[in-house]
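Trainee: Listed below are the residues making up each chain.
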Amino acid sequence: MADGAVPRFWREIPQRYNLIGNQCGACDRIYFPPRESCPYCRRKSMGNMKEIKLGSKGKVVTYTIIYVAPEPFEGQAPYPIAIIELDEGPRVTAQIVDCELEDVKIGMRVQSTFRKIQEDGYIGAIHYGYKFKPLEVKG
Amino acid sequence: MKDIGIVSYGAHIPRLRIKSSDIANAWGKDPGTITNGLGIIEKSVPSIDQDVATISVEAARAALARCSIDPQTIEAIYVGSESHPYAVKPTGTIVGEAIGATPVLQVADYEFACKAGTAAIQTCMAFVKSDMIKYGMAIGADTSQAAPGDALEYAASAGGAAFIIGSEKVIATINETCSFTTDTPDFWRREGRKYPAHGGRFTGAPAYFRHITSNAKILMEKVGSKPEDYNYAIFHQPNGKFPLKVAKMLGFSSDQVKQGLLCPYVGNTYSGAVMIGLASVLDVAKPGDRIFLTSYGSGAGSDAFDMTVTKYINELPREKAPLISQLIENKKYVDYATYTKYRDLLYEE
Amino acid sequence: MRDVAIIGVGVTKFGELWDKSFRNLISEAGAKAIIDSGISGKEIDALYVGSMSAGRFVGQEHVGALVADCSGFSHMHIPSIRVESACASGGLAVRQGYFSVASGMNDVVVVGGVEKMTDVIGSEATDTLATGLDQEWEAFFGATLPGIYAMIATKHMHDYGTTREQLAQVAVKNHANGALNPYAQFKRPISIESVLNAPFAAYPLGMLDCSPVSDGAATVILCAAEKAKDYTSKPVKIIGSGQASDTLALHGRKDICTFESTVHAANMAYKHAKIEPKNIDVAEVHDCFTIAEILAIEDLGFVKKGDGGKAIESKITTLDGEKPVNTSGGLKAKGHPVGATGVAQIAEIVMQLRGDADQRQVKDANIGLAHNVGASGASSVVHILEAI
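Residue numbers (this note's numbering), protein chains in the order written: chain A, 6 to 144; chain B, 49 to 397; chain C, 136 to 523.
Where hints are given, some of them may not hold.
[Said to hold, decoys possible] Derived CB-CB ranges, DEER-like:
{"no.": "1", "chain 1": "A", "residue 1": "10", "chain 2": "C", "residue 2": "258", "range": "17 to 23 Å"}
{"no.": "2", "chain 1": "A", "residue 1": "94", "chain 2": "C", "residue 2": "322", "range": "47 to 53 Å"}
{"no.": "3", "chain 1": "A", "residue 1": "41", "chain 2": "B", "residue 2": "365", "range": "36 to 42 Å"}
{"no.": "4", "chain 1": "C", "residue 1": "256", "chain 2": "B", "residue 2": "245", "range": "38 to 44 Å"}
{"no.": "5", "chain 1": "C", "residue 1": "258", "chain 2": "B", "residue 2": "245", "range": "36 to 42 Å"}
{"no.": "6", "chain 1": "C", "residue 1": "332", "chain 2": "B", "residue 2": "252", "range": "55 to 61 Å"}
{"no.": "7", "chain 1": "A", "residue 1": "11", "chain 2": "C", "residue 2": "256", "range": "21 to 27 Å"}
{"no.": "8", "chain 1": "B", "residue 1": "374", "chain 2": "C", "residue 2": "256", "range": "41 to 47 Å"}
[To be verified] To spell it out: a stretch of chain B is covered by chain A in this simulated footprint if at least three of its residues, at any positions, have a beta carbon under 8 Å from a beta carbon of chain A; those stretches are:
{"no.": "9", "segment": "96–105"}
{"no.": "10", "segment": "134–145"}
No lab work stands behind these hints, which were simulated from the structure alone. Built from N, CA and C at the ideal position, the CB exists for glycine as well.
Whenever a hint applies, use it, and build me the whole structure from the sequences.
Mentor: Shown next, in the form of structure tokens:
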């Protein structure tokens with residue numbers, strides 16, 4: 006990345022900040038990230054894909070703990086990365102935070118949290134988005 | 049005249065903590081003297097992926113989780129901080145986008161040392177009062193900086209709170225607010241510098257104490273109240289001792305101060321300090337409770353507020369977002385080396 | 136469609152080859168294959184080159200023309216085509232070359248694969264490999280290629296009881312085979328303990344569960360089968376070729392523990408060859424990580440889904456087992472110059488079927504399979520070869 010190389014990241018802000026996906030008007034399948042058309046309904050879905058804001062909760066399908074990290078993530082290693090199945094169905098890959106490494110488990114309930122994902126060195130833009138943390142049990 | 053006040057609120061405090069004694073040990077100071085002298089047991093530390101934008105978003109989302117306000121009806125967002133992630137490019141736009149309040153929205157970032165958050169509340173009040181907006185969101189948050197080894201290092205911490213200001217179903221009416229401002233250089237950070245500098249003991253009497261006591265007296269005179277009329281009093285808390293001392297000078301008891309005094313457990317969250325203090329009070333407040341709040345920002349100024357809790361507090365599902373007590377409880381300790389890494393101290397330019 | 140045979144193979148040594156450039160490597164492998172095939176050079180109708188990311192590894196695109204030039208074919212103006220499918224670039228280049236000969240358009244084509252990975256620092260090599268993942272929805276969030284495979288391993292261990300010891304045995308077996316391969320990057324046997332005690336790359340995968348960063352090239356010469364005997368006494372026929380795709384991101388797939396791209400590519404190749412998995416005598420499979428070999432032997436139909444770990448443990452895939460897998464040492468021990476890998480796998484199978492594999496020769500090997508995967512399984516290529 007170079008200073009000022011932002012459009013690629015800016016474009017995905019709705020998805021990365023707010024888990025905005027879409028739903029096929031023909032078969033009701035939900036997609037994240039949003040698709041231009043439904044792979045199953047094809048032309049029936051064209052112009053018939055509805056934007057949908059996905060909820061913040063889901064469960065861990067599988068996970069790893071990254072020890073050898075890409076440069077923008079080096080300060081965080083070791084850190085867990087998981088595939089999370091959102092309650093609406095779509096799956097995402099994201100970091101698990103606010104959790105001890107040994108407590109990350111397949112099947113654990115998680116909720117999204119807003120974090121800094123990576124930054125373009127000390128000069129470039131900061132990119133924010135979703136990570137997940139153990140579901141807080143409330144009242 | 050319609051009642052202007054707080055419609056909902058939310059807070060966020062990062063989970064990491066460092067004990068004052070660990071910082072003292074790293075610098076060869078006596079841990080007991082430091083901890084008792086400052087009245088700070090431990091402070092919150094932002095993890096490497098947290099900054100004022102992420103704390104503000106978490107606090108703003110918590111405020112929205114407690115009410116049924118459509119984010120699109122929030123027409124102004126003001127974020128007060130002295131550690132905005134960008135020197136140029138607002139934090140408020142990130143918050144606006146992340147809570148779904150964009151694009152028909154007023155945004156500006158505020159800076160007034162530790163009182164930028166209360167300045168944001170005053171701005172939102174004025175907009176609501178003048179019918180220019182329906183709801184405004186005022187946020188105070190910081191991931192405050194302190195030079196390694198500086199006395200500030202024991203206090204400078206991270207956290208913030210967001211308040212939705214409006215005129216319908218307000219859970220706490222803001223009856224009166226006033227400010228007291230002079231040019232008093234007790235603490236500052238020059239443009240482009242990483243760490244702040246301060247005037248040592250000069251930050252006390254002519255700065256913190258003069259501005260808070262003067263402003264508090266002006267407010268009580270304006271509304272015709274006495275310290276004993278209030279159930280809760282919240283003062284800016286750069287350490288655990290100053291707020292208790294200023295309360296005593298004004299005639300408030302430590303019982304009135306207790307619920308809003310979080311510095312001993314989370315440190316000084318700067319622009320977040322009185323904001324999370326107020327959130328802590330609202331976590332337990334009952335209809336009819338009266339709240340007195342006085343912030344302080346170096347440079348220097350103070351904003352004071354007189355508030356009355358309404359019956360709508362009972363209708364606000366406070367359990368739908370973490371209470372301050374839960375945020376304080378949910379913690380993980382880091383050692384000084386990890387703290388140094390997270391605070392980016394190793395990479396000073 | 137007419138039959139296609141492989142009439143020559145050439146591979147360079149794989150490893151950290153500091154004194155060899157991208158150009159040196161591909162021309163060396165090409166020259167070796169041409170000599171091995173007995174063609175003069177004038178017969179070549181086209182060049183195909185598999186390379187994943189010359190642009191990032193050596194700052195050079197326009198790889199087709201470059202390879203024609205550095206191999207000495209620019210003055211003959213032979214068409215040259217670069218093929219890219221992440222780590223399956225080599226296998227896919229072979230498939231494209233195969234099509235061009237099978238169709239009758241070309242009689243003789245040279246298919247090379249090459250990657251020069253050590254001209255960049257290690258972290259940049261890792262980042263470049265991660266471009267085979269979904270950049271926006273996996274890598275952006277901090278996932279690495281080892282991390283994606285590690286998530287498959289975690290799930291496989293959870294669902295099927297596969298153990299870290301079983302994963303380690305893949306590395307142990309492949310290092311034992313690599314020790315017998317003069318071209319391998321690692322020619323030393325390792326123990327289960329050393330694999331288990333190595334630092335983690337991405338839990339549950341340790342550093343010795345991962346294939347290395349390598350330089351290297353491989354080339355094969357394809358020829359219309361009816362003309363093969365004009366050049367060599369030991370042609371090897373391509374009797375099956377298959378390729379399939381899947382979602383770029385692992386999280387887009389219903390079953391985390393199956394590479395549907397491999398299942399479909401293999402079925403296509405088996406059908407084409409009119410054989411079944413049990414007919415395969417020797418296989419080179421894509422073991423970029425130990426878990427990948429377990430997945431491969433399941434998805435290729437050698438063992439039932441979930442039984443991969445146990446199969447490794449029962450040693451059926453060792454050199455003298457009933458289904459020898461990765462006799463070359465695999466990506467794990469032979470090395471994994473990504474663009475070269477798929478071509479090198481074909482070269483190993485050809486050597487096995489010709490009986491030229493020396494110490495690592497599988498007895499009576501008649502039918503062999505090569506399986507090449509793009510990054511985390513979004514593309515797979517399978518070829519089945521038979522000695523004529």
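Trainee: Are there three or more residues in the segment 96–105 of chain B whose C-beta lies closer than 8 Å to some C-beta of chain A?
Mentor: holds (count 7)
Trainee: Is the distance from the Cβ of residue 41(A) to the Cβ of residue 365(B) consistent with 36 to 42 Å?
Mentor: Distance hint for residue 41(A), residue 365(B) holds at roughly 39 Å.
Trainee: Lying within 17 to 23 Å: is that true of the beta-carbon distance residue 10(A) to residue 258(C)?
Mentor: Hint holds: Cβ distance 19 Å, inside 17 to 23 Å.
Trainee: 55 to 61 Å was suggested as the range; check whether the CB atoms of residue 332(C) and residue 252(B) agree with it.
Mentor: Given a distance of about 58 Å, which is inside 55 to 61 Å, the answer is holds.
Trainee: Counting residues of the segment 134–145 of chain B that have a beta-carbon nearer than 8 Å to any beta-carbon of chain A, does the count reach 3?
Mentor: holds (count 3)
Trainee: Is 21 to 27 Å right for how far apart the beta carbons of residue 11(A) and residue 256(C) are?
Mentor: 26 Å, holds
Trainee: Quick check: does the Cβ-Cβ distance between residue 256(C) and residue 245(B) fall within 38 to 44 Å?
Mentor: 39 Å, holds
Trainee: Using the C-beta atoms of residue 258(C) and residue 245(B), is the stated range 36 to 42 Å upheld?
Mentor: 37 Å, holds
Trainee: Between residue 94(A) and residue 322(C), is the Cβ distance one that fits in 47 to 53 Å?
Mentor: The hint (47 to 53 Å, Cβ to Cβ) holds, given that residue 94(A) and residue 322(C) are roughly 49 Å apart.
Trainee: Check the following: the C-beta atoms of residue 374(B) and residue 256(C) are separated by a distance inside 41 to 47 Å.
Mentor: Distance hint for residue 374(B), residue 256(C) holds at roughly 45 Å.
Violation of the numbered hints given earlier is absent; every hint is satisfied by the structure.
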